[in-house]
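Student: For reference, the chains in residue letters:
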Amino acid sequence: MAKIKMKKKSTSTDMTAMCDVAFLLLTFFILTATAKVPEALPVDTPSSTVQSKLPDSDLAIITVGKGKVFFDIKGRETRKKTLEGMGAKYGLTFTEDEQNKFALMDDFGVPITGLKSIIEMKAADRTKANQGGIPIDSLDNQLKDWLLISRRATIDLSGGTKELQIAIKGDAKEEYPRIKKIMDILQDQKINSFNLVTGMRGKDF
Amino acid sequence: MAELNTGDGGGGKNGGKVRSKKQSSKVDLTAMVDLAFLLITFFMLTTSLSKPQSMDLSLPDKNPDETKKDETKVDENRTMTVMLKADNKMTYYMGLLEAPKVGPKDIAYGKDGIRRELLKQKQNVLAYSAAKGNPGKGIIVIIKPTKKSNYRNLVDILDEMAITGVDTYAIVPEFTPEETKLAEKN
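Chains A and B, in that order, are what the protein sequence lines are.
Residue numbering for the first sequence follows the numbering used here, starting at 1 and increasing by one per position.
Residue numbering for the second sequence follows the numbering used here, starting at 1 and increasing by one per position.
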């Protein structure tokens, strides 16, 4: 009787296609990932169990920590328009180059008069610049103007369809009166609904 | 796995002719794929996890017009007042401070402290409302953050509201003299 010979199969598979796919995906993820820029005012946010993600655009973040207030707007066009508006309000002119630079930078915490020097700095120097915070006193409330003008800018740019969302990113150790003050500034402009930026944690604490 | 069988085609027989070895053109890609997938996982997770989380907070409209101030009367049996004090401490009581139903008692944050109490009182209030003939009216929590409390305390207590499902709460940073006394007592 003829013996049926089993064909000896090779155990190695062709990995080329798999490798191609893997690297394609890898390239995609690397390119879409945004590099994390060190914040000008690092804060330790408290954590909560509520998980809703913040939007990427049309968002203003007010950072409160160490007694200082910093401000950040997401979205380049909104930033440019806001800077233009703020310049007009405070009698300052920002060149095209300065506007473009401002559109690309992150949060800042200087009075409007000191903004030009911050714009001129390199990204790495901005974090070291020891920015003193945006004035929020009742006499010189620049945060109020930043908010008002950036909200207007968002509405103008979107043709009235979108509203600027406000998020407060507070340091866990910041005392309540200061947070209350920011909330009061927001409520004075009839912003009664906003987000609090928090970290993540489980329910079991 | 790797095709490394470089056929030694009897090179010795051919009278000293040096033959270059026939190399297999296949390379083992396993390690490379491993690495690639590891990096993919890393980038996938970091891009989605680096987005900040947030908590929604809606405050009632500030009424600058004093004459329009609405005088909503609430049943004091349904209210629970939570005072956030200095050094991460907290005091709570049910009902009015002059005649509290429960407390005032110091309580800790977390699942064994305020959360258990909130859930218990929530049940009590629901039972009370049902007995009075208007079921569904739940507990009302009044959060009173003192000047010495910090932002973490506020977020923690708001988080407890979200966990325990208490949806009627108010942040009232106004204190009567008696309340101030209670808040300063340790």
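Keep in mind the hints are simulated off the structure, nothing from the lab.
Please note that the accuracy of each hint is not assured.
27 Å max Cα-Cα, derived DSSO-like pairs, lysine-lysine [unchecked claim]:
id : chain 1 : residue 1 : chain 2 : residue 2
1  : A       : K68       : B       : K147
2  : B       : K22       : A       : K181
3  : B       : K132      : B       : K62
4  : A       : K74       : A       : K9
5  : A       : K181      : A       : K8
6  : B       : K137      : A       : K203
7  : B       : K148      : A       : K9
8  : B       : K62       : A       : K68
9  : B       : K120      : A       : K66
10 : B       : K22       : A       : K180
11 : B       : K89       : A       : K180
Reference listing, derived: stretches of chain B covered by chain A, where coverage requires no fewer than 3 residues with Cβ under 8 Å from a Cβ of chain A [to be verified]:
id : stretch
12 : 39-47
13 : 92-102
14 : 120-129
15 : 158-166
16 : 174-181
No experiment lies behind these values; they were computed from the predicted model shown.
Each residue gets a CB set at the ideal place from its N, CA and C atoms; glycine is no exception.
Student: Does A:K180 lie within 27 Å of B:K89 when you go C-alpha to C-alpha?
Tutor: holds, 19 Å
Student: Do the alpha carbons of A:K181 and A:K8 lie within 27 Å of each other, as the hint requires?
Tutor: violated, 78 Å
Student: Between B:K132 and B:K62, does the CA-CA distance stay at or below 27 Å?
Tutor: violated, 32 Å
Student: Check the hint pairing B:K137 with A:K203 against an upper bound of 27 Å on the C-alpha distance.
Tutor: The hint holds at about 26 Å.
Student: Does A:K74 pair with A:K9 here, judged by a C-alpha cut-off of 27 Å?
Tutor: Judged against 27 Å, a Cα distance of about 58 Å means the pair is violated.
Student: Do three or more residues of the stretch 39-47 of chain B come closer than 8 Å to chain A, measuring C-beta to C-beta?
Tutor: With 6 residues in contact (Cβ-Cβ under 8 Å with chain A), the coverage given for the stretch 39-47 of chain B holds.
Student: Against chain A, does the stretch 174-181 of chain B show at least 3 residues with beta-carbon separation below 8 Å?
Tutor: Coverage by chain A is violated for the stretch 174-181 of chain B (0 residues, Cβ < 8 Å).
Student: Quick one, are B:K148 and A:K9 close enough, alpha carbons at most 27 Å?
Tutor: violated, 75 Å
Student: Regarding the pair A:K68 and B:K147, is the alpha-carbon distance no greater than 27 Å?
Tutor: Within the cut-off at roughly 17 Å; holds.
Student: With the threshold set at 27 Å, check whether the alpha-carbon distance from B:K22 to A:K180 stays at or below it.
Tutor: violated, 78 Å
Student: Taking a Cβ-Cβ distance under 8 Å as contact, does the stretch 92-102 of chain B have three or more residues in contact with chain A?
Tutor: It is violated, with 0 qualifying residues against the three required.
Student: Is the Cα-Cα distance between B:K62 and A:K68 27 Å or less?
Tutor: Measuring from Cα to Cα gives roughly 25 Å; hence the hint holds.
Violated hints for the displayed structure, listed by number in ascending order: 2, 3, 4, 5, 7, 9, 10, 13, 14 and 16.
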